[in-house]
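Residue numbers (this note's numbering), protein chains in the order written: chain G, 541 to 998; chain U, 541 to 998.
These aren't lab readings, by the way, just hints derived from the structure by calculation.
One thing to keep in mind: the hints can contain errors.
No distinction is drawn between identical chains; accordingly, a pair holds when it is met within one copy or between any pair of copies.
Stated by the list, open to error - Derived pair list, reagent style DMTMM-like, types lysine to aspartate or glutamate, alpha-carbon separation capped at 25 Å: (1) K658 <-> E855; (2) K775 <-> E661; (3) K755 <-> E838; (4) K947 <-> D728; (5) K749 <-> E623; (6) K947 <-> E635; (7) K989 <-> E654; (8) K863 <-> E560; (9) K588 <-> E866; (10) K588 <-> E827; (11) K749 <-> D892; (12) K775 <-> D638; (13) K755 <-> D778; (14) K775 <-> E636; (15) K755 <-> D768; (16) K658 <-> D918.
There are 2 protein chains.
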Amino acid sequence: MRLLKDITKIIDPNRVIYGEALQAEYSHIWKMHEGLTALALVKVISTKELSTLMRWCYNNNQKVVIHGGKTNLVGSTESDKFELVISLELMNKIEELDPISRTMTVQSGVILEEVQQKASEASLLFPLNFGAKGSAQMGGIISTNAGGLRVLKYGMTRQQILGLEVVLADGTIIHSMKKIIKDNSGYDLKQMFIGAEGTLGIITRAVLKLTEAPKTRMSAFVGMKDYDQVVRCLKFIDRRLAGKLSGYELIWQESYEMMTGPMYQKPPVAHGYSYYVLIESLGGDLENDASHFQQIMEQSLEMGLYEDGALAHSESDLEWFWKIREDVHVLVSQGPVDQHFDISLPIPLIGDMIAKISELIRTLDGVIHCFPFGHVADGNIHLIVLKQHAEASLTNKINDIVYEPLKNIGGSVSAEHGIGTHKKHYLAWCRTPEEIALMQNIKRAMDPKGILNFGKIF
Amino acid sequence: MRLLKDITKIIDPNRVIYGEALQAEYSHIWKMHEGLTALALVKVISTKELSTLMRWCYNNNQKVVIHGGKTNLVGSTESDKFELVISLELMNKIEELDPISRTMTVQSGVILEEVQQKASEASLLFPLNFGAKGSAQMGGIISTNAGGLRVLKYGMTRQQILGLEVVLADGTIIHSMKKIIKDNSGYDLKQMFIGAEGTLGIITRAVLKLTEAPKTRMSAFVGMKDYDQVVRCLKFIDRRLAGKLSGYELIWQESYEMMTGPMYQKPPVAHGYSYYVLIESLGGDLENDASHFQQIMEQSLEMGLYEDGALAHSESDLEWFWKIREDVHVLVSQGPVDQHFDISLPIPLIGDMIAKISELIRTLDGVIHCFPFGHVADGNIHLIVLKQHAEASLTNKINDIVYEPLKNIGGSVSAEHGIGTHKKHYLAWCRTPEEIALMQNIKRAMDPKGILNFGKIF
Numbered sequence: 541m542r543l544l545k546d547i548t549k550i551i552d553p554n555r556v557i558y559g560e561a562l563q564a565e566y567s568h569i570w571k572m573h574e575g576l577t578a579l580a581l582v583k584v585i586s587t588k589e590l591s592t593l594m595r596w597c598y599n600n601n602q603k604v605v606i607h608g609g610k611t612n613l614v615g616s617t618e619s620d621k622f623e624l625v626i627s628l629e630l631m632n633k634i635e636e637l638d639p640i641s642r643t644m645t646v647q648s649g650v651i652l653e654e655v656q657q658k659a660s661e662a663s664l665l666f667p668l669n670f671g672a673k674g675s676a677q678m679g680g681i682i683s684t685n686a687g688g689l690r691v692l693k694y695g696m697t698r699q700q701i702l703g704l705e706v707v708l709a710d711g712t713i714i715h716s717m718k719k720i721i722k723d724n725s726g727y728d729l730k731q732m733f734i735g736a737e738g739t740l741g742i743i744t745r746a747v748l749k750l751t752e753a754p755k756t757r758m759s760a761f762v763g764m765k766d767y768d769q770v771v772r773c774l775k776f777i778d779r780r781l782a783g784k785l786s787g788y789e790l791i792w793q794e795s796y797e798m799m800t801g802p803m804y805q806k807p808p809v810a811h812g813y814s815y816y817v818l819i820e821s822l823g824g825d826l827e828n829d830a831s832h833f834q835q836i837m838e839q840s841l842e843m844g845l846y847e848d849g850a851l852a853h854s855e856s857d858l859e860w861f862w863k864i865r866e867d868v869h870v871l872v873s874q875g876p877v878d879q880h881f882d883i884s885l886p887i888p889l890i891g892d893m894i895a896k897i898s899e900l901i902r903t904l905d906g907v908i909h910c911f912p913f914g915h916v917a918d919g920n921i922h923l924i925v926l927k928q929h930a931e932a933s934l935t936n937k938i939n940d941i942v943y944e945p946l947k948n949i950g951g952s953v954s955a956e957h958g959i960g961t962h963k964k965h966y967l968a969w970c971r972t973p974e975e976i977a978l979m980q981n982i983k984r985a986m987d988p989k990g991i992l993n994f995g996k997i998f
Numbered sequence: 541m542r543l544l545k546d547i548t549k550i551i552d553p554n555r556v557i558y559g560e561a562l563q564a565e566y567s568h569i570w571k572m573h574e575g576l577t578a579l580a581l582v583k584v585i586s587t588k589e590l591s592t593l594m595r596w597c598y599n600n601n602q603k604v605v606i607h608g609g610k611t612n613l614v615g616s617t618e619s620d621k622f623e624l625v626i627s628l629e630l631m632n633k634i635e636e637l638d639p640i641s642r643t644m645t646v647q648s649g650v651i652l653e654e655v656q657q658k659a660s661e662a663s664l665l666f667p668l669n670f671g672a673k674g675s676a677q678m679g680g681i682i683s684t685n686a687g688g689l690r691v692l693k694y695g696m697t698r699q700q701i702l703g704l705e706v707v708l709a710d711g712t713i714i715h716s717m718k719k720i721i722k723d724n725s726g727y728d729l730k731q732m733f734i735g736a737e738g739t740l741g742i743i744t745r746a747v748l749k750l751t752e753a754p755k756t757r758m759s760a761f762v763g764m765k766d767y768d769q770v771v772r773c774l775k776f777i778d779r780r781l782a783g784k785l786s787g788y789e790l791i792w793q794e795s796y797e798m799m800t801g802p803m804y805q806k807p808p809v810a811h812g813y814s815y816y817v818l819i820e821s822l823g824g825d826l827e828n829d830a831s832h833f834q835q836i837m838e839q840s841l842e843m844g845l846y847e848d849g850a851l852a853h854s855e856s857d858l859e860w861f862w863k864i865r866e867d868v869h870v871l872v873s874q875g876p877v878d879q880h881f882d883i884s885l886p887i888p889l890i891g892d893m894i895a896k897i898s899e900l901i902r903t904l905d906g907v908i909h910c911f912p913f914g915h916v917a918d919g920n921i922h923l924i925v926l927k928q929h930a931e932a933s934l935t936n937k938i939n940d941i942v943y944e945p946l947k948n949i950g951g952s953v954s955a956e957h958g959i960g961t962h963k964k965h966y967l968a969w970c971r972t973p974e975e976i977a978l979m980q981n982i983k984r985a986m987d988p989k990g991i992l993n994f995g996k997i998f
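Only chain G is shown next, with the shape it has when bound in the complex (with noise of 0.2 Å):
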């Protein structure tokens, strides 16, 4: 009560919530209905108000953990009874738009959709793109790091971020808000929070990078027999794309089948084949280029870089195509019990290594679907496996299997979600000692004390 009382002299008490409202209000994850397990939650309106508080729990010894729109899949954002919960909520102004620079200086707390609705209005693109958009915060998105469908021609979350403000540990604020693209004058120090899952800093404002939005989408489904198809046809298509390309998704047989099973999509091509790729290209030029991308796909299947395909003809068709990949709650629905990878592997080896994976997957008992589909151009495989129940040793077992093969071939256990709690027993298995001692001793040098979203990562 003493620590309550301290922080409502930082923070209006009206702004901090603990007790059983906390219980009732709050979880530590999306769209759940466990109540929050924390000493408080607050909800800050500044930098100065954070950078005061913090400052008050580093004097205090006080563990904080951050919550932005607590989409996060990995853990990141869980506390205990004795840490203190610091939401940015409240921090959701976009700032400002300059359509010259082509930024946008936003808070933490703004929504991902409506930085990409305020872009669009401007002609703009905010280029990210995923399922949780209509929750996820740009804060948490930036200090996951966050992929997305449109990586393969924008790159991730660390390319679109040109400046960012964050308070430290001791609340020092950190402000490197600049609008411009280069800078090489020291140390690049937005590169350090990005991806940290708020172990270094308190991401507060950002300048997001936009571009230009693209005038023409096209779109095909194609299936293939084999993987070497896989690759060929990328490199043909992304060749004659010419930085058009931006996005080619993997799904494998049994996916797809499910996806386009008879309660759900209608198939745009034949069931049958081992492989279907989703293909998207981004233009500028209106008059020419649905020909040009109807020419470049007429010439793969003369090629035999696949064996059967459809082009998108109209927006209810980009919509029909683009369903199947993203209601991804098809696949989840097919069991009890989920369990989702998101792993990254060398482009060339992933599909041999899928088949074997998924093989001892499905041959496990308490197992009944294993769904690979991902962005394969990125070399980013998601896998969802369906279970009868949650116990942990099926659990472990699947993980060994999915993990396991990672080690010796440069492959990572998290491409896009991060490592929060529920991957740190596998860093070990992508990281190499050193790599994770260095990590070990930047945590150290910027949070002595271990406040910040402590026990995540490792």
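Starting from the structure of chain G, add chain U where the hints point.
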């Protein structure tokens, strides 16, 4: 001498150069004929050997300076007589080209031009390109986060690096040599070493990201009456080209008229306009790219986005246009002493601010010319000032005129070249005291004895 004896126990004496040989054969900067001041220069041949050497240096408080191709422009390779210079020139192997992952694995001493050549043989592109490509080595390029002519489409060096191997101050080897594009497993450590000017670790190997080589290249030179046309034309063309715009190089009137003066190239567009822009597009559609580009250029002229222009119709036109922009020597040769800048500033402010800066510089006694030009779409402007003499008072006056206005507008004293020793005094003009304190905190954590490129950056 005891030190040298110890070193030759680790490094073959044939690869340890000191005394007169050092003075005769080596210098700290490319194409200069000043002998090198250093304890000795050692040429390492493997990561393991370098690791052993650094462990010895760490235990003996031996400061080291790293040499790549010595094309650094800000004094980052300078050494004193107590420092050991480590050259990576013998670690010059291209280890692998993987056409499916589209990666190249190289040692640090490989020269940029070789990388470009090797990629091109596989119909791939390593997009980084700048004047010193025939000498600059990959380790130095990565340590400087070099920019150059195609940042607009492909990004700076940072965006081209997938993996790094680094030797730390105490000899620890950080092996992060993954080919994967997406990896959110803990901190992205490579980001710390990119652009750190060798102050945090010594880069020994890298995995480079390649892209499919473009099939078409279009260029136009245009003349503009005001800066408003420069930014409106950029926005229009960039949107229409939707990812294909790879160059938008702004040249101010006085620079253009010198570059296309009677003794040099003939002007593609008549003299007399306030600004000239050289536009480049790289695409993949052999049939339509040329007509599309021409159409866009015609449309922009009709819309009043420029006053007069010339399209490159042949390979020799392309060569002619780009020679004008790339042959910076024409400008440098207009006076006995030159002073060179590579500042960044927000795009909307460039027109007024560069006009003001140039005007002030031109009124100084001892100044012959001030030539501005640069990568305007990146917000990065170069200035070459020609002077009658190299007196420090004039140099400092010019520095103050250029750097002072950057303080309050979120600019940078270095877009590309880094801080080194030459710009240390000005670092605080574009980074906050909190930012610099954090940089120093990281430096202390990673190099507690301060033996790596001591005195560089800060």
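Going down the list of hints, with the structure as the test:
Taking the shortest Cα distances, K658 and E855 sit within 25 Å of each other inside one copy (22 Å), while across copies they are farther apart (42 Å). With identical chains, the CA atoms of K775 and E661 are at most 25 Å apart between copies only, with a shortest distance of 15 Å across copies and 34 Å within one. For the homomeric pair K755 and E838, the shortest alpha-carbon distances inside one copy (23 Å) and between copies (19 Å) are both at most 25 Å. Taking the shortest alpha-carbon separations for K947 and D728, only the inter-copy value of 18 Å comes in at or below 25 Å, while the best intra-copy value is 30 Å.
In this homomeric assembly, K749 and E623 never come within 25 Å of each other (Cα to Cα): the closest approach is 34 Å inside a single copy and 42 Å across copies. Within a single copy, K947 and E635 get their C-alpha atoms only as close as 44 Å, which misses the 25 Å cut-off; across copies the closest is 21 Å, which meets it. For the identical chains of this complex, K989 and E654 are neighbours neither inside a copy (36 Å) nor across copies (48 Å), given an alpha-carbon limit of 25 Å. Taking the closest pair of Cα atoms, K863 and E560 never come within 25 Å of each other, the shortest separation being 40 Å inside a single copy and 72 Å across copies.
In this assembly of identical chains, the alpha carbons of K588 and E866 never lie at most 25 Å apart, being 40 Å within a copy and 47 Å across copies at closest. For the identical chains of this complex, K588 and E827 are neighbours neither inside a copy (52 Å) nor across copies (57 Å), given an alpha-carbon limit of 25 Å. With identical chains, the CA atoms of K749 and D892 are at most 25 Å apart between copies only, with a shortest distance of 23 Å across copies and 38 Å within one. With identical chains, the CA atoms of K775 and D638 are at most 25 Å apart between copies only, with a shortest distance of 12 Å across copies and 36 Å within one.
Taking the shortest alpha-carbon separations for K755 and D778, both the intra-copy value of 19 Å and the inter-copy value of 11 Å come in at or below 25 Å. Proximity of K775 and E636 under a CA criterion of 25 Å is satisfied inter-copy only: 18 Å between copies versus 39 Å inside one chain copy. When the C-alpha separation of K755 and D768 is checked against a cutoff of 25 Å, the pair qualifies only between copies, where the shortest distance is 24 Å, while the shortest distance within a copy is 32 Å. For the identical chains of this complex, K658 and D918 are inter-copy neighbours only, at 23 Å across copies versus 28 Å inside a copy, given an alpha-carbon limit of 25 Å.
Consistency note: the structure conflicts with the earlier hints numbered 5, 7, 8, 9, 10.
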